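K.L.:
Sequence:
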Amino acid sequence: MAPDHKLILYTRDWCGFCTLVTRTAARLGATIEERNIWQNRKWRQELLDGRGCASVPVLRRNCADGSSDWMPESGDIVRYLSEHYGKAGPPD
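Here the sequence shown is numbered in the working numbering, starting from 1 and rising by one per residue.
For the record, the hints were derived by calculation from the structure and aren't laboratory data. This structure is a prediction, so every number in the text was calculated from the model and none was measured. Do not rely on the hints blindly, as some may be mistaken.
Derived CB-CB ranges, DEER-like [as the list claims (entries may be wrong)]:
id: 1; residue 1: T19; residue 2: A64; range: 26 to 32 Å
id: 2; residue 1: A64; residue 2: R23; range: 26 to 32 Å
id: 3; residue 1: D13; residue 2: A64; range: 27 to 33 Å
We put the CB at the ideal spot given by N, CA and C, even for glycine.
Go ahead and model the full structure; you've got the sequences and the hints to work with.
P.N.:
Laid out in structure tokens, this is it:
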């Protein structure tokens, strides 16, 4: 069963780890808003404000109660998506 919160994935162009996460999310049918920090300065600033650095990929989970948390590291994000949206390994 899918979690009851909004998922936002901060990415950038030419990022293999970002591609790994987005392909995994697509295979699992997870609904994720992707925010490319190279295409929008506001999104980069959101990432800096929330994490203190602009490394990607980072998954932000916004919960219904207004809280949010940040998950860096592609392996952790893929594992989280697999556990909450179904079982699938990394994309080919």
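K.L.:
Hint by hint, note whether the structure agrees.
P.N.:
Tested hints:
no., hint, in the structure
1, T19 to A64: 26 to 32 Å, "holds (30 Å)"
2, A64 to R23: 26 to 32 Å, "holds (28 Å)"
3, D13 to A64: 27 to 33 Å, "holds (32 Å)"
Violation of the numbered hints given earlier is absent; every hint is satisfied by the structure.
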